[in-house]
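For reference, the chains in residue letters:
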Amino acid sequence: MSEEDKEIQKIIDELNEEEIKEIQEVKTEKQSFVTDHPIVSLVIAILIFIPIAWVFSVFTFTNLLQQFLFSVERAALYVMVCVGLTLTTRVLKFANFAHAEFLTIGVYTGLVITSFTNASEICLGDFCLDNIFLLSIFIFIITGAFAVLGEKLIFGPLRKRNATPLSLMVASIGFGLVIRQLVSDFFGGRDQKIDLQYPPFFDKVGSNLESIPVLKIFSIWFSERVEFSIIGTTKVIAFNRNMVWKVTMMIILVVLLQLLFKKTTLGISMRATADDIDLAQISGINTQRIIDWTWFIAGGVTGVGALFFLGPQAFVPFSGFAQLLIIFAVVTLGGFDSFEGTIVSAFIISAIQTMTILINSNLDPDNPLVFWSPNKDWSLVGPFATIIVVLIFRPRGLFGLVDPKSKL
Amino acid sequence: MVSGYGKLQIINGVDIELNKGELVTIIGPNGSGKSTLVKTIIGLVPSWSGKIIINEKLDITGMKPYDIVTKQVPINYVPQVNNVFPTLTIEENLLLGALPRKKDPKEKIQEDMEKIFEIFPRLKERLSQKAALLSGGERQMLALGRALMSNPDILILDEPTAALAPVLADEIFNKIIELKKLGLSILLVEQRATRALKISDRGYVLVSGKVAFEDKAENLINNEKVGELYLGKR
Ligand SMILES: Nc1ncnc2c1ncn2[C@@H]1O[C@H](COP(=O)(O)OP(=O)(O)OP(=O)(O)O)[C@@H](O)[C@H]1O
Ligand SMILES: [Mg+2]
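Just so you know, the protein sequences line up as chains A and B, in that order.
The opening residue of the first sequence carries number 1 in the working numbering; numbering runs sequentially from there.
The opening residue of the second sequence carries number 1001 in the working numbering; numbering runs sequentially from there.
Hints are not guaranteed to be accurate.
When the alpha-carbon atoms are kept at most 25 Å apart in a straight line, the in silico BS3-like pairs for lysine-lysine are as follows [stated by the list, open to error]:
#, chain 1, residue 1, chain 2, residue 2
1, A, 263, B, 1103
2, B, 1108, A, 263
3, A, 160, B, 1007
4, A, 160, B, 1071
5, B, 1064, A, 160
6, B, 1064, A, 93
7, A, 263, A, 93
8, B, 1115, A, 262
9, B, 1102, A, 262
10, B, 1225, B, 1180
11, A, 263, B, 1102
12, B, 1071, B, 1020
13, B, 1064, B, 1007
14, B, 1051, B, 1216
15, B, 1020, B, 1175
16, B, 1020, B, 1198
17, B, 1124, A, 262
18, B, 1124, A, 263
19, B, 1106, A, 263
20, A, 262, B, 1103
21, B, 1198, A, 262
22, B, 1051, A, 160
23, B, 1175, B, 1124
24, B, 1064, A, 152
25, B, 1115, A, 263
26, B, 1106, A, 262
FYI, nobody ran anything at the bench for these hints, they're computed from the structure.
Whenever a hint applies, use it, and build me the whole structure from the sequences.
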């Protein structure tokens, strides 16, 4: 090789190296942003909401802030009742319509514990069975166990006989129907309600915090009654302990689930089973055990979510089923099997729902150009229109995996 | 052994043997049932009749794969396709590989992972990257690494060099020779038949779910009929 040739060869080598580096950088960037930083995506989703709401509304800052808080509250509830469905879909590869009954079982478990036992006297120190913390743990265990029962009675046997995702789905519709009817027969159609209770020491902590100016804001977690006035005005916004704890519980559950998926053998095995069940077995994973755990965790989280979602309002045995549509909407927009996607999607859908309600209720019903009016319920139309548009451009949802195997 | 999928019989009575420390290669045309055979051994495909026996007395016929790899014998298997977990990171893939060794302390497993990185330095650079983003060759390395993490005595490899550049294939073959020297018993399914037989002790030629030829590897290479039919010699 002549000197010249060597030079050229060297340049070519360098070029290639640089190109390769560039390609790799692009790869890692895409990776890290979308899937590895759910919190960032979440913040962005919230930030998107503000200007849009601003444009569409004639509201004052107070009003906007109020709607924003309601929207976040609702999003937190959606996250709690939706991640379980994402989990079962991802691991078991079918859409579980009986998921709605996990909500029903969860909230009725709460009802049984709080009104049919003297829960306020069964205590662990200051934590009694009727407060949201111990109650959540019990609801988690019982709803989780119920979900495992479904696996043992119905889904497991069906899978062993090589049932298709479609027949599993239809079976889940039937399963849900039976449970709904049983709950309905047992409890009747009466409106029920669970008041969220807190440990008694909360009030004391709250009033202590209130007296310290810098820490006053934190009293919202503890005191039952805190009035928040917007600085410089006399306006008061609704912002209370229940709202704060709904969001806090959501964050606790999401963080715990993230730790489970990323740090524990059980969580990694769950993701491995979702990826490839045969390979998981070869790797020494007892996949049936993992599937049982998946049901338990999915059911448990959903049950706890239902306590906060359905409990404080009036609920009936059909209330869980009534939320099925919006739950599927959230999960579909998120990509059906993406944990992060479901979280972001819950915030987006909740925000759009808030906006739809706002626009709806602020339009003049006498204007002939307006074909809707406040007494027509359009709150689900906005979210579903958005979903259709998103799916047209991104059929796999916001964060859905392209079938991972198709990449291989 | 007889086995198949559903009612479709693929393996029509095959008897093979792998002695301790041996490297045995199975070759054969596409669709002859090589993958089905090894899947039956590891328990992924149910065996219809016959027995799978390890160490002369341990009958693993009809056991689930996870029971075989966790409770019974240090055996591991690298499938022909889908041999890594795509949405798991490389590190997680390797850690799962070590799952059958519940008793071993963390440090020992970490140490073994370092050993894998010595063999496949490319993996170390991409530790926290998802396996789906690896190239074909890198994925084969990870698949092999994942199987090695279980510290197996018996290793079953289904076309570990498929779709690899010749240089990389050589690398994998060298690695297999090294593993054999360490005392592993290896059952290898290969399309690069001549190449594989050259490093093997014995070989089987599988045709339509039956063993058509079995012999010492060098005899198979020199067998005119085998050569004509399966080694691309005229
Ligand atoms: N899951 C399955 N269900 C039904 N039939 C299958 C399945 N997998 C493989 N087969 C059939 O079994 C036969 C043997 O397949 P196998 O994968 O064992 O061949 P192979 O020898 O490994 O081929 P190759 O060299 O191409 O890998 C083929 O005819 C194939 O169509
Ligand atoms: Mg094959």
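For each hint, the structure was consulted:
As the CA atoms of residue 263 of chain A and residue 1103 of chain B are separated by approximately 19 Å, the hinted pair is consistent with the 25 Å bound. Between the alpha carbons of residue 1108 of chain B and residue 263 of chain A the distance comes to roughly 19 Å, so the proposed pair stays at or under 25 Å and holds. This hinted pair checks out: residue 160 of chain A and residue 1007 of chain B have alpha carbons roughly 16 Å apart, not beyond 25 Å. Distance check on the hinted pair: residue 160 of chain A and residue 1071 of chain B sit about 23 Å apart at the alpha-carbon level, within 25 Å; holds.
Our distance criterion of 25 Å between C-alpha atoms is met by residue 1064 of chain B and residue 160 of chain A, whose separation comes to about 13 Å. For the given pair, residue 1064 of chain B sits about 21 Å from residue 93 of chain A by alpha-carbon distance, which is consistent with the 25 Å threshold. Note on residue 263 of chain A and residue 93 of chain A: the hinted pairing holds, with a Cα-Cα distance of about 23 Å set against a maximum of 25 Å. Note on residue 1115 of chain B and residue 262 of chain A: the hinted pairing holds, with a Cα-Cα distance of about 24 Å set against a maximum of 25 Å.
At most 25 Å may separate the alpha-carbon atoms for a hinted pair to count; residue 1102 of chain B and residue 262 of chain A meet this at roughly 19 Å. Between residue 1225 of chain B and residue 1180 of chain B, the direct Cα distance comes to roughly 29 Å. Violation of the 25 Å bound is thereby established for this hinted pair. Restraint check for residue 263 of chain A and residue 1102 of chain B: the C-alpha separation of about 17 Å stays at or below 25 Å, so the hint holds. For the suggested pair residue 1071 of chain B and residue 1020 of chain B, the alpha carbons sit about 20 Å apart, so the restraint of at most 25 Å is met.
Restraint check for residue 1064 of chain B and residue 1007 of chain B: the C-alpha separation of about 20 Å stays at or below 25 Å, so the hint holds. Restraint check: the Cα-Cα separation between residue 1051 of chain B and residue 1216 of chain B comes to about 24 Å, which is no more than 25 Å; the hinted pair holds. Taking the CA atoms of residue 1020 of chain B and residue 1175 of chain B, the gap is about 18 Å. The hint holds against a cut of 25 Å. A C-alpha spacing of about 19 Å is found between residue 1020 of chain B and residue 1198 of chain B, which places the hinted pair at or below 25 Å, so the restraint holds.
Distance hint between residue 1124 of chain B and residue 262 of chain A is fulfilled; the C-alpha atoms sit about 19 Å from each other, no more than 25 Å. The suggested pairing of residue 1124 of chain B with residue 263 of chain A holds, with an alpha-carbon distance near 19 Å, which does not exceed 25 Å. As the CA atoms of residue 1106 of chain B and residue 263 of chain A are separated by approximately 14 Å, the hinted pair is consistent with the 25 Å bound. For the hint pairing residue 262 of chain A with residue 1103 of chain B, the CA-to-CA distance comes to about 22 Å; that is within 25 Å, so the pair holds.
Proximity of residue 1198 of chain B to residue 262 of chain A is assessed by CA-CA distance (about 44 Å); at most 25 Å being required, the pair is judged violated. Only pairs whose Cα atoms come within 25 Å are accepted, and residue 1051 of chain B paired with residue 160 of chain A is accepted, the gap being roughly 23 Å. Pair hint residue 1175 of chain B plus residue 1124 of chain B holds up; C-alpha atoms about 17 Å apart against a cutoff of 25 Å. Under the criterion of a C-alpha separation no larger than 25 Å, the hint pairing residue 1064 of chain B with residue 152 of chain A is consistent with the structure, at around 19 Å.
Only pairs whose Cα atoms come within 25 Å are accepted, and residue 1115 of chain B paired with residue 263 of chain A is accepted, the gap being roughly 23 Å. Between residue 1106 of chain B and residue 262 of chain A the CA atoms are separated by roughly 17 Å; this keeps the pair inside 25 Å, and the hint holds.
In this structure, the earlier hints numbered 10, 21 are contradicted, and the remaining ones agree with it.
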